[in-house]
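Asks: Please construct the entire structure, taking both the sequences and the accompanying hints into account.
Per the working numbering, the sequence shown starts with residue 106, numbered consecutively.
Keep in mind the hints are simulated off the structure, nothing from the lab. Certain hints may be false.
[As the list claims (entries may be wrong)] No more than 25 Å apart at the CA atoms, straight line, and that leaves these computed lysine to any residue pairs for SDA-like:
1) Lys173 / Arg239
2) Lys143 / Arg239
3) Lys247 / Phe278
4) Lys246 / Asn270
5) Lys247 / Ala306
6) Lys246 / Leu310
7) Lys290 / Glu273
8) Lys173 / Pro152
9) Lys290 / Glu301
10) Lys173 / Asn309
11) Lys305 / Phe292
12) Lys290 / Phe278
13) Lys305 / Ile214
14) Lys173 / Lys305
15) Lys173 / Ile237
16) Lys246 / Ile185
17) Lys247 / Arg298
18) Lys143 / Asn307
19) Lys191 / Glu212
20) Lys191 / Glu205
21) Lys246 / Lys305
22) Lys290 / Asp257
23) Lys290 / Val130
24) Lys246 / Gln218
25) Lys246 / His216
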Amino acid sequence: MRRRTRNLPELFNPDSPGVMEVYRVLATIAGKGRNGVKSVLITSAMPREGKSILAAYLGMTAAHSGRKTLMIDLDLRRSILHNLFKTIRTPGLGDMLASEEPIHPNELIYHTQMENLFLLPSGSRLSSPSGILRIRIDRVKKLIAELSVAYDILIIDSPPIVPVNDAELIAPFVDGVVLVVMGGKTFREIVARAVELIRKANGNLIGMVLNNVTRALPYYYEHKYYRYSYEAKKDD
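Replies: Shown next, in the form of structure tokens:
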């Protein structure tokens, strides 16, 4: 008999050291700005740096602390949040953006198995995600504004910012951007380029999360890239 794979909320342990680190990151995020941060875009410099796992744990941690939390899977290229939370992928955000007729986001939002935690999945694959985002950018801006009122916090997972420009398009419409970097893997020049792209897009870079921190701390401290850290799996 095949063993059932547990979803991420079933594995969530609020007392684990890793989750305690995420609480610290979440507290830092929430304290930024006069009124705090309601919408956070999670991106990375390059693929496979742990951004989606961080987004998932930020969402679960916020929900566990009593906040009504919505995760938005805006990685329309390589989405994994629906797999982590064992929800369906479609319909979702991609369907809403591609549709000529307006679709209310409430029709696409799913309650996860965790109290206070909801997911808007990526939806159907698009032939040109950046092109659709650019065409529908006003729709995305309105969506983020409306959902920021309906939920206590939005955690938005987006593709890596150096290879593609999806995160650049969205960055101006969120309260803050968090950049995930895989220590010991990502070259300093690429990290610097990612920071430059966020700032050129008028994004509010509120912090950087350094994964693989035990190996890379001296390297990144020396070059002043380290803000706060979180140990995550290399799933994304």
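Asks: Decide, hint by hint, whether the structure agrees.
Replies: Evaluation of the provided hints:
For the hint pairing Lys173 with Arg239, the CA-to-CA distance comes to about 29 Å; that exceeds 25 Å, so the pair is violated. Simply put, Lys143 and Arg239 have alpha-carbon atoms about 23 Å apart, close enough for the 25 Å limit, and the pair holds. With a C-alpha separation of about 9 Å, the suggested pair Lys247 and Phe278 falls inside the 25 Å cut-off, and the hint holds. Restraint check: the Cα-Cα separation between Lys246 and Asn270 comes to about 16 Å, which is no more than 25 Å; the hinted pair holds.
A hinted pair counts as satisfied when its Cα atoms are at most 25 Å apart, and Lys247 with Ala306 qualifies at roughly 18 Å. Distance check on the hinted pair: Lys246 and Leu310 sit about 18 Å apart at the alpha-carbon level, within 25 Å; holds. Distance check on the hinted pair: Lys290 and Glu273 sit about 23 Å apart at the alpha-carbon level, within 25 Å; holds. Proximity of Lys173 to Pro152 is assessed by CA-CA distance (about 29 Å); at most 25 Å being required, the pair is judged violated.
Taking the CA atoms of Lys290 and Glu301, the gap is near 19 Å; set against the 25 Å cutoff, the hint holds. Restraint check: the Cα-Cα separation between Lys173 and Asn309 comes to about 23 Å, which is no more than 25 Å; the hinted pair holds. Proximity of Lys305 to Phe292 is assessed by CA-CA distance (about 20 Å); at most 25 Å being required, the pair is judged to hold. Only pairs whose Cα atoms come within 25 Å are accepted, and Lys290 paired with Phe278 is rejected, the gap being roughly 30 Å.
For the suggested pair Lys305 and Ile214, the alpha carbons sit about 31 Å apart, so the restraint of at most 25 Å is broken. For the hint linking Lys173 to Lys305, the alpha-carbon distance of about 31 Å lies beyond 25 Å, and the restraint is violated. The straight-line distance between the Cα atoms of Lys173 and Ile237 is roughly 29 Å, outside the 25 Å bound, and the hint therefore fails. Note on Lys246 and Ile185: the hinted pairing holds, with a Cα-Cα distance of about 23 Å set against a maximum of 25 Å.
Distance check on the hinted pair: Lys247 and Arg298 sit about 29 Å apart at the alpha-carbon level, beyond 25 Å; violated. Distance hint between Lys143 and Asn307 is fulfilled; the C-alpha atoms sit about 17 Å from each other, no more than 25 Å. At most 25 Å may separate the alpha-carbon atoms for a hinted pair to count; Lys191 and Glu212 meet this at roughly 18 Å. Distance hint between Lys191 and Glu205 is unfulfilled; the C-alpha atoms sit about 29 Å from each other, more than 25 Å.
Between Lys246 and Lys305 the CA atoms are separated by roughly 18 Å; this keeps the pair inside 25 Å, and the hint holds. For the proposed pair Lys290 and Asp257, the alpha carbon gap of about 34 Å is over 25 Å, so the pair is violated. For the hint pairing Lys290 with Val130, the CA-to-CA distance comes to about 22 Å; that is within 25 Å, so the pair holds. For the hint pairing Lys246 with Gln218, the CA-to-CA distance comes to about 28 Å; that exceeds 25 Å, so the pair is violated.
Between Lys246 and His216 the alpha-carbon distance is near 23 Å, which keeps this suggested pair within the 25 Å criterion.
Comparing the model with each numbered hint stated earlier shows that hints 1, 8, 12, 13, 14, 15, 17, 20, 22 and 24 do not hold.
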